[in-house]
Amino acid sequence: MRGFNYRRILLCGGGMIAALAVVSSASAAETKGPVTDDIGVLVIPKGAPIQIGAYWVMSGADSALGIDEKRGVEIAVKDIGGKLVGHPIKLNVEDDGCNAEGGQTAATKLASNPATAIVIGPACSSAATPGAPILWKAGITDIDTAATAPALTAPERKPEYAGFVRTVYSDIDQGRNDAKYVHDVLKAQKIVTIHDGSPYAQQLATVMGENFKKLGGQVLSQEAVSPTDVDMHPVLTRVATEKPDVIYAPVFVAAGAQLLRQSKDIPGLEKVPLIGSSGQMAPDLIEAARAAIVGYKITYPDVSPEAMGKAYPKFVDEYKKAYGEAPISGYHANAYDGAQLAFKAIEKVAKTDASGATYIGRKALRDAVFATKFEGVSGPISCDQYGQCAQFKPAVYEFTNGDPKTFKIGENPKKIWP
Amino acid sequence: MSDAAVSRAFIPKLSSLSRFTFVDVVLWALRIGVVVVVVGGTIGTLIKARYGAAQWFDFLVFGVTIGSVYALVALGYTMVYGVLRLINFAHGDIMMTGAFSGYFVASSFAESGFLDTNPVLAMLGILAVAVTTSTLIAVLTERLAYRPFRRVRGLAPLICAIGVSFFLEQTFRGAFGSGVRAYPDPKWQKNTVDVFGFGVPLVEVLVVAAALVSMLVLYVIVQRTRMGTAMRAVSEDSDTAAMMGIDVNKVVVFTFALGGAMAGIAGVCYAFVFKQVYFFMGFTPGIKAFGAAVLGGIGSVPGAMIGGLFLGLVESVGPALFLDGIGIPAPYQLRDLIAFTLLIMVLIFRPYGIFGERMAKKRA
Numbered sequence: 001m002r003g004f005n006y007r008r009i010l011l012c013g014g015g016m017i018a019a020l021a022v023v024s025s026a027s028a029a030e031t032k033g034p035v036t037d038d039i040g041v042l043v044i045p046k047g048a049p050i051q052i053g054a055y056w057v058m059s060g061a062d063s064a065l066g067i068d069e070k071r072g073v074e075i076a077v078k079d080i081g082g083k084l085v086g087h088p089i090k091l092n093v094e095d096d097g098c099n100a101e102g103g104q105t106a107a108t109k110l111a112s113n114p115a116t117a118i119v120i121g122p123a124c125s126s127a128a129t130p131g132a133p134i135l136w137k138a139g140i141t142d143i144d145t146a147a148t149a150p151a152l153t154a155p156e157r158k159p160e161y162a163g164f165v166r167t168v169y170s171d172i173d174q175g176r177n178d179a180k181y182v183h184d185v186l187k188a189q190k191i192v193t194i195h196d197g198s199p200y201a202q203q204l205a206t207v208m209g210e211n212f213k214k215l216g217g218q219v220l221s222q223e224a225v226s227p228t229d230v231d232m233h234p235v236l237t238r239v240a241t242e243k244p245d246v247i248y249a250p251v252f253v254a255a256g257a258q259l260l261r262q263s264k265d266i267p268g269l270e271k272v273p274l275i276g277s278s279g280q281m282a283p284d285l286i287e288a289a290r291a292a293i294v295g296y297k298i299t300y301p302d303v304s305p306e307a308m309g310k311a312y313p314k315f316v317d318e319y320k321k322a323y324g325e326a327p328i329s330g331y332h333a334n335a336y337d338g339a340q341l342a343f344k345a346i347e348k349v350a351k352t353d354a355s356g357a358t359y360i361g362r363k364a365l366r367d368a369v370f371a372t373k374f375e376g377v378s379g380p381i382s383c384d385q386y387g388q389c390a391q392f393k394p395a396v397y398e399f400t401n402g403d404p405k406t407f408k409i410g411e412n413p414k415k416i417w418p
Numbered sequence: 001m002s003d004a005a006v007s008r009a010f011i012p013k014l015s016s017l018s019r020f021t022f023v024d025v026v027l028w029a030l031r032i033g034v035v036v037v038v039v040g041g042t043i044g045t046l047i048k049a050r051y052g053a054a055q056w057f058d059f060l061v062f063g064v065t066i067g068s069v070y071a072l073v074a075l076g077y078t079m080v081y082g083v084l085r086l087i088n089f090a091h092g093d094i095m096m097t098g099a100f101s102g103y104f105v106a107s108s109f110a111e112s113g114f115l116d117t118n119p120v121l122a123m124l125g126i127l128a129v130a131v132t133t134s135t136l137i138a139v140l141t142e143r144l145a146y147r148p149f150r151r152v153r154g155l156a157p158l159i160c161a162i163g164v165s166f167f168l169e170q171t172f173r174g175a176f177g178s179g180v181r182a183y184p185d186p187k188w189q190k191n192t193v194d195v196f197g198f199g200v201p202l203v204e205v206l207v208v209a210a211a212l213v214s215m216l217v218l219y220v221i222v223q224r225t226r227m228g229t230a231m232r233a234v235s236e237d238s239d240t241a242a243m244m245g246i247d248v249n250k251v252v253v254f255t256f257a258l259g260g261a262m263a264g265i266a267g268v269c270y271a272f273v274f275k276q277v278y279f280f281m282g283f284t285p286g287i288k289a290f291g292a293a294v295l296g297g298i299g300s301v302p303g304a305m306i307g308g309l310f311l312g313l314v315e316s317v318g319p320a321l322f323l324d325g326i327g328i329p330a331p332y333q334l335r336d337l338i339a340f341t342l343l344i345m346v347l348i349f350r351p352y353g354i355f356g357e358r359m360a361k362k363r364a
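Residue numbers (our numbering), protein chains in the order written: chain A, 1 to 418; chain B, 1 to 364.
Keep in mind the hints are simulated off the structure, nothing from the lab. Be careful, since some hints might not be right.
[Stated by the list, open to error] Cross-link-like lysine-lysine pairs, in silico, DSBU-like; alpha carbons within 35 Å at most:
1. B:Lys187 with A:Lys187
2. A:Lys271 with B:Lys48
3. B:Lys48 with A:Lys405
4. B:Lys250 with A:Lys271
5. A:Lys415 with A:Lys344
6. A:Lys90 with A:Lys351
7. A:Lys405 with B:Lys187
8. A:Lys190 with B:Lys250
9. A:Lys414 with B:Lys48
10. A:Lys243 with B:Lys250
11. B:Lys187 with A:Lys83
12. A:Lys243 with A:Lys78
[Said to hold, decoys possible] Here chain B is said to cover these stretches of chain A; the calculated rule only asks that three of the stretch's residues, wherever they fall, bring their Cβ under 8 Å from a Cβ of chain B:
13. 218 to 228
14. 235 to 243
All C-beta atoms in this analysis are idealised placements derived from N, C-alpha and C, irrespective of residue type, glycine included.
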């Protein structure tokens with residue numbers, strides 16, 4: 001009998017929740033204070049902070065990627081004086097671990113905070129793919145700062161991604177460029193691609209392979225490993241039987257370092273260059289690969305000062321002053337611009353009433369983000385209708401030293417192309 | 001005719017059929033499916049002839065290498081289970097502590113050049129530190145975490161083991177960071193040794209040799225010493241053993257120490273093959289080694305050895321042999337699937353594992 005009672009309570013509760021859901025979805029527009037909005041209105045009482053959510057990879061082998069972006073956003077907050085539309089800015093940072101489960105947890109946590117105005121991040125497409133729909137369901141716009149998987153801003157993206165924009169390029173362009181580099185500069189005719197099953201690596205490897213075929217090259221096979229795999233011998237042995245000219249493996253730090261170390265031990269692959277990509281620009285890659293890294297090339301967006309916006313040198317100075325080291329990865333400028341985009345859009349739509357409370361319409365904020373155009377430190381920011389706000393400038397970097405302390409973007413690894 | 005009469009009339013006819021339940025059908029389908037994949041895949045791969053003898057040999061050697069590491073870790077699972085009926089889920093992390101402490105010694109030896117000039121002494125030093133650390137931590141976990149649960153029935157000890165696993169992982173993460181560190185790569189380890197006319201990297205030969213020697217020593221300890229006899233007695237019946245004057249606590253501590261030492265050796269071997277150490281590195285090999293212990297028959301010492309080697313071989317050779325032939329793209333992504341399918345098959349069709357039955361008879 002006890003069980004039955006519990007069940008009845010559960011049923012009752014479930015019914016009430018369902019009824020509430022019906023009621024809340026039926027009410028279309030919400031009006032609070034001076035603002036009416038289709039999705040909802042965020043009210044920030046006088047003196048309360050304006051809460052900006054953020055999620056990046058903050059731990060593990062890929063943490064340089066996330067920490068670098070967090071610093072970019074922190075500098076942006078400092079640059080506008082720590083205050084926005086009369087409220088102090090509070091940054092709530094979650095760690096997504098650069099995987100789908102972490103992205104889902106982080107986004108759920110941010111979305112469940114009713115005071116979250118907007119979210120910046122993540123760094124990994126694996127986290128953005130489940131994260132963005134959760135946030136948009138709660139009416140929160142997500143400005144991504146380094147997740148580059150093409151599907152996230154593709155014209156055929158699903159409506160649940162409508163609140164997702166990014167101040168970073170799409171891998172459609174990175175893939176096209178990488179194919180061109182491998183085909184025209186390295187003069188490769190036959191390649192093998194290796195991805196790790198993550199949306200980023202899988203989509204980039206596919207786009208690169210398609211473009212490589214268009215250029216007249218041959219993709220012998222598309223291999224896959226898991227991001228945590230340690231034993232690459234079998235897959236590399238298989239690759240060796242296909243005799244490729246180049247192996248293109250846009251995976252992350254841990255698997256990338258394993259491929260790099262182990263490929264040199266496989267008969268037939270000693271002289272075959274392994275090309276990595278943008279997930280691997282980190283001191284941890286040198287730490288994990290050590291001596292094997294010398295001569296390793298990765299394709300990357302051009303982050304040399306000449307290729308960035310005018311304000312970039314000043315931004316890097318600020319970065320060095322605040323954190324006592326040069327940037328540890330390549331997306332700090334995109335993160336800074338993502339934060340700027342958020343601030344500018346909030347300034348556009350926020351309305352303050354006589355009592356000092358601020359009102360922000362969530363739909364209006366999303367539209368303002370899409371409509372805001374400015375010259376960022378990473379280059380011009382201007383979103384298309386699918387949320388793609390930045391362009392890609394290609395480059396190739398080569399590592400020159402196996403000591404992690406020598407890591408400095410521009411020196412080790414140094415830019416060798418174009 | 002009433003409903004009851006109808007059903008009574010049908011029962012005799014249906015009874016022979018009803019012995020085949022839906023579950024039986026599924027299980028048979030599973031068996032047939034696996035056999036078809038294995039046989040079909042093997043034939044397909046052999047017809048395609050993508051790999052030469054050198055490559056097959058490479059797969060085999062690598063399978064034996066990783067398998068012997070699994071076997072070393074599996075021994076810890078199986079011995080603790082034998083004595084305490086506890087699945088020590090923290091055992092993979094004890095291996096991690098060994099690998100981690102070995103890393104600090106190894107990297108300082110590499111920096112000073114000692115690892116290149118005195119490879120034998122340096123390797124022994126690294127092993128000694130790793131084994132000491134992991135043994136100490138294994139004994140401490142027993143004393144602080146498991147002993148209070150010794151007489152507790154139910155799932156509490158198991159949950160405690162999972163808690164210990166998290167504790168060790170997060171402690172190492174807090175103390176040494178979450179990044180990946182790499183073991184040094186001394187040149188002499190890359191030299192190849194000639195085995196049946198094929199070149200095998202020295203480090204793999206060393207790992208297999210180290211594993212075999214430690215397993216042999218362990219087997220002698222368990223079978224030939226007083227302590228080993230006491231261990232076997234406690235694993236048969238701890239109450240009776242206590243009545244015969246065996247100090248059960250001492251035996252349990254000894255078992256944990258032995259398992260911890262094996263895990264320390266395994267950690268260093270693993271790290272010298274795969275180079276990377278980080279706080280979570282013990283999880284996957286731990287689960288695989290647990291699978292190996294179950295495969296061999298949990299509680300059985302030779303079972304863990306054979307189970308580990310078998311699992312390593314299947315994992316290494318399986319994707320190429322079974323999956324390549326049926327045209328599955330990127331078969332190596334499915335390596336863990338093969339390992340765990342194997343485990344599930346054992347659990348379904350031979351729950352006592354390969355060596356389990358013989359032991360069950362002995363126990364009876």
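Going down the list of hints, with the structure as the test:
no.	hint	result
1	B:Lys187 with A:Lys187	holds, 32 Å
2	A:Lys271 with B:Lys48	holds, 26 Å
3	B:Lys48 with A:Lys405	violated, 48 Å
4	B:Lys250 with A:Lys271	violated, 56 Å
5	A:Lys415 with A:Lys344	holds, 33 Å
6	A:Lys90 with A:Lys351	holds, 19 Å
7	A:Lys405 with B:Lys187	holds, 22 Å
8	A:Lys190 with B:Lys250	violated, 63 Å
9	A:Lys414 with B:Lys48	violated, 43 Å
10	A:Lys243 with B:Lys250	violated, 58 Å
11	B:Lys187 with A:Lys83	violated, 57 Å
12	A:Lys243 with A:Lys78	violated, 53 Å
13	218 to 228	holds (count 7)
14	235 to 243	holds (count 5)
Against the hints set out earlier in the document, violations occur for numbers 3, 4, 8, 9, 10, 11, 12.
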